[in-house]
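*Asks:* All chains should be modelled from the sequences, with the hints used to inform the complete structure.
Below are the chains, spelled out letter by letter.
There are 2 protein chains.
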Amino acid sequence: MWLFNRPPLKQLQQRYSFTPPPEWLERLQKSSIRVNVGGSASFVSAAGLILTNHHVALDCLQKLSTATRNYASNGYVAKTRADEVKCVDLETNVLMSIEDVTQRVNAAVSPGMDLAEAQKARRAVMNTIEKESLDKTGLRSDVVTLYQGAEYHLYRYKKYTDIRLVFAPEANIAFFGGDPDNFEFPRYDLDVCFFRAYEDGKPVKIDHYLRVEPNGINDGDLIFLSGHPGGTSRLNTLAHLRFLRDVQNPFTLDLLRRREILVSTFSERSVENARRASDGLFAIANSRKAYIGLLEGLHDPAMIRTKAESEAALRARVASDQELQSSSGHAWPAIENSLKTDRAIFVEWSLLEGGSAFNSRLFRIARVLVRLAEEKKKPNPERLREYRESNLESVEQQLYSEAPIYTDLETAKLANSLGHFVEALGAEDPLVQQILDGKSPMNRASELIRDTKLLDVALRKRLGEGGEVVVDASDDPMIKLARLVEPRSRKLRKIHEDEVQEPLRQAYAKIANATFRVSGEETYPDATFTLRLAFGTVKSYEDSGRHGPWRTTIRGAFERAAEHKNQPPFDLPESWLMSNAKLKLATPMNFVSTVDSIGGNSGSPAVNRDGNLVGVYFDFNQQSLRWDYLFDDRQGRSICVDIRAVLEALRTVYKADKLVSELLAK
Amino acid sequence: MWLFNRPPLKQLQQRYSFTPPPEWLERLQKSSIRVNVGGSASFVSAAGLILTNHHVALDCLQKLSTATRNYASNGYVAKTRADEVKCVDLETNVLMSIEDVTQRVNAAVSPGMDLAEAQKARRAVMNTIEKESLDKTGLRSDVVTLYQGAEYHLYRYKKYTDIRLVFAPEANIAFFGGDPDNFEFPRYDLDVCFFRAYEDGKPVKIDHYLRVEPNGINDGDLIFLSGHPGGTSRLNTLAHLRFLRDVQNPFTLDLLRRREILVSTFSERSVENARRASDGLFAIANSRKAYIGLLEGLHDPAMIRTKAESEAALRARVASDQELQSSSGHAWPAIENSLKTDRAIFVEWSLLEGGSAFNSRLFRIARVLVRLAEEKKKPNPERLREYRESNLESVEQQLYSEAPIYTDLETAKLANSLGHFVEALGAEDPLVQQILDGKSPMNRASELIRDTKLLDVALRKRLGEGGEVVVDASDDPMIKLARLVEPRSRKLRKIHEDEVQEPLRQAYAKIANATFRVSGEETYPDATFTLRLAFGTVKSYEDSGRHGPWRTTIRGAFERAAEHKNQPPFDLPESWLMSNAKLKLATPMNFVSTVDSIGGNSGSPAVNRDGNLVGVYFDFNQQSLRWDYLFDDRQGRSICVDIRAVLEALRTVYKADKLVSELLAK
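As you go down the protein sequences, you meet chains A and B in turn. Here the first sequence is numbered in the working numbering, starting from -14 and rising by one per residue. Here the second sequence is numbered in the working numbering, starting from -14 and rising by one per residue.
Hints are all accurate, no fakes.
You can't tell identical chains apart in this list, so a pair holds if it fits in one copy or across any two.
Below 35 Å or equal to it, Euclidean Cα-Cα: the simulated DSBU-like pairs (lysine-lysine) are:
| hint | residue 1 | residue 2 |
| --- | --- | --- |
| 1 | Lys48 | Lys550 |
| 2 | Lys476 | Lys325 |
| 3 | Lys71 | Lys651 |
| 4 | Lys424 | Lys292 |
| 5 | Lys476 | Lys363 |
By construction, these hints were calculated from the structure, which means they are not laboratory data. Remember, it's a predicted structure, so these values are computed and weren't measured experimentally.
*Replies:* Structure follows, in structure tokens:
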């Protein structure tokens, strides 16, 4: 997960005798796209064609769908450009430049400041740097915290917000095998989707995009992934891993189980319910399976031992060097100390400030309206990070989105999460009692969703643009609820920022600096949903004593469907069943490699030595779930859709010849 | 939920001008059957024909099924008696007599005893009474604790253990509408199953059985239920309800969510997996939905207020009477005090002594073997309750059951529950570390299930009959695990029995006696999975402003299936689709009444004034989930299969004419 401004040239030369030229890196960087709902993508033609995963596109497909037209499950092929359908509220970013601003950020924090002052000063300088950059370049500008606080880089992105749907396959081939086959290999998924970026109503003309390699890739080949891994915890101390093991992951998994059962029972009630909830259900089940693997890793004494040994070795090195010991030796106890605070507030903080107690889009809208009014009054450097001037456009795009909101699903989700809240804080808690207002969680949720007027986007705009006076005057019950929660929620946020995040940041910066000193700057920072470069080898692996294939074929998909009598989730779509005779069944479908990845990488382009596109990353196997804490390629593998299967399906199943021509154009 | 030895004659006369004659009560009592997996049933012919629910029969159907013959999902019609299939390990009981033994039990506990002595003395006298009764009558004899400890009655049962399957419909009509329609009305379920009791290889000839009323029942009619409600908490104090709300129900619901997701993901992997897990999945989803309703009730400030007011009124009455105050006034604080202890140990006690940490039949077998060897050495009065002499036959029937055990499902369940155990007690707990033996929960579970030999019933018999020396010498890993857990588990059990159960029992006895003094003995005890009589009226109800029907029809089932395009869980079986034209579509299918019920009542016969069978209870609606704490028939309703639908389906869909003739024989 290397930084593009610090690529692993030495490692690549040593292991693969390969040194990518600067143009190679620039093209890959500027062809790579971040999809802000939480995935990756790439430009694959000069006319702004974008390739990503179906499951990354799902949020958009879902929002476009209605009871009578289901893009998410039935797929779509735009016959002409005029048929390309505009997404409701998708934001995509392309990284244009990186600037190291560590010195300027650190300079704002003077040695005498206490934690709260340091936190405030750092936030102020970051908000200011971003605003300056936005004003100067017009580009989205984010200061990214690296190595948990040792470095700060300014990332500048070109934003595309007019994104149109070009092609999506049916959900049952995109996610063939469903939850049972998720995080497994062999796999047979056509998990792809094509969009096109528009500006001023026309397809964008771009300089940097990836060429498709129609011959794909082979066993043993060097392969690269360029994408946006969401987050890892590899640099975490042992105490921090224990916090994840004992507090954070169990809480998150509990939340996911509650939501999965809620949403799946909601879905079962009718075909229309299932459609309304499908996007959410996929994401929840996917995370639940991932978290079970993460916790299984943290419960594995062997993994904990490995981490403990490497930490002990580093601490011994630090202790043996007086200067290092005095600069960094106290970092480990400082981390333990702030995690003690975090243990005490974590659940309440997650429920209130994280919003898990109010799992409803209408509540989130109400909260943003209340906070926007409050924050906009303040000078930019003093605002909460997400309301900084340079981010307001993105906040408003979400706030005023016309994406459909289903009140039945909102009610069910809100009731469920209110029940969780009562359970966690206790029915006697005064805020709990104020929130329930004498009703059971279900009755209170029904009332709130029934009576709020925030479904109305025009009303949201009036409130959002009206500012504090207008929002304060609103007696909308959801706004009132958001206001009621605000004091306790903000208090928890402040404790979390000042007494957890800030000391962690300072301590991790010290550990990172000690590590640089001890082993040279040869480590990459933990993932931060920013662009990273990973490399590896196309390679099979052994599981329970059996050696699997390095790739599957289209034939395999038909065989697996037949094994399961074509029953969901192993049912091939009609379009594939009809094309059986014409398809080249030996075409490689999915393949595995040792390339590093994590959630957020979904949709990342996979390229060969020539920098040409050979596949699209969409998943990794169960053995790599613990990559969150420790990379290990003995069995861990990333899984890509082979570009040859994409071309074959577009040609033979979907008759999308124009799209194929565009992809193969020189 | 009235006792058969104390029937509600006054209430019936007052409200319905009806006094059931003694023969009426005797016939209903002796026609009623307890199904020991947790349900009810009744005799419906002189030749031992038994009617119950499909979902009560599911455990048996499941154990009879194989990969190629699936009784549980495809149903079964025995053409002749020779085709009736013997269940693997079903135990059924018929209540023959009740004797009040309160004085003898109380006499064993002398005033000076401390809690542990009182607990021991009470257990001893109960074990002794049961053994004497068994020796004298040959009948299964259980001392039942009523009013949480105010009374003790000796129940004597005739046991039937050779139970054979006569008829089961397909699962999709028995459970039409699945989880979405569970606890809902209107409903369209043929949730019935017929068995026959055999003795010495022949159908039993019995004197008491219910006659079928082919004309069914009508709106407004008086109706009775005779069955085995499993447990209620209506007499619980407010502090005790808070304990359920804050500790017990959240823990149970969390357990159910974990299991539901585990078992449903296991099921999705293949058709065979789904078959292996179907029984478990039904039970889990059903309980999960029930517990959500229970917790929603406990989170409803209005319900808590109602309970608080009635408790305050009783306590005021007690306080105003010096004698009552000195005999019962301290009962409420005593309950709060023992619940404090329970709060401290509950989770650990449930995981270890309750066995939730080791969710595997093979573990349960190992534990019973270890305990059986230990307990058999002791004199009968000193043994743990479940190993008392009079219960050993039932213990052994389960222990040596030939019912199939699926190692893949066992591994998945054990891994999941071990993970829960690590989470709850913490990875640093010494017992957790000993149990995991340096492996992750998944790896440890795989190893245990792979290496144990307890699948072999002959080995179990050798161990069970060999006694302590043989069991102690065993190096079977599951036996070793059960031994490892034993000291801490027994210690928790002792705390729970001496410091929670015993003081609760003493305090509740005092509250019950105070209640009897204040309001006369007009209350029935909480449900205890023993035979009870309930009465009510066939009656529709209003929900969200709409008045529903009092009954549905067969036509409604076809309409609902069509609405859902006959997709699961709203798919009618082939046999029904083919019979559409011939079925009398106006036949009543399911109906609602105000009769009181709770889990365990499933399969109970519903009879009219004449004591004749008009339906089979199989569910109640969401509004009655809180009946656990408070009966309320404004909206709460019990749901029965109408006997007319049973007869019509047997005749027209299943061509089971012999069965119909047997049912209608005079």
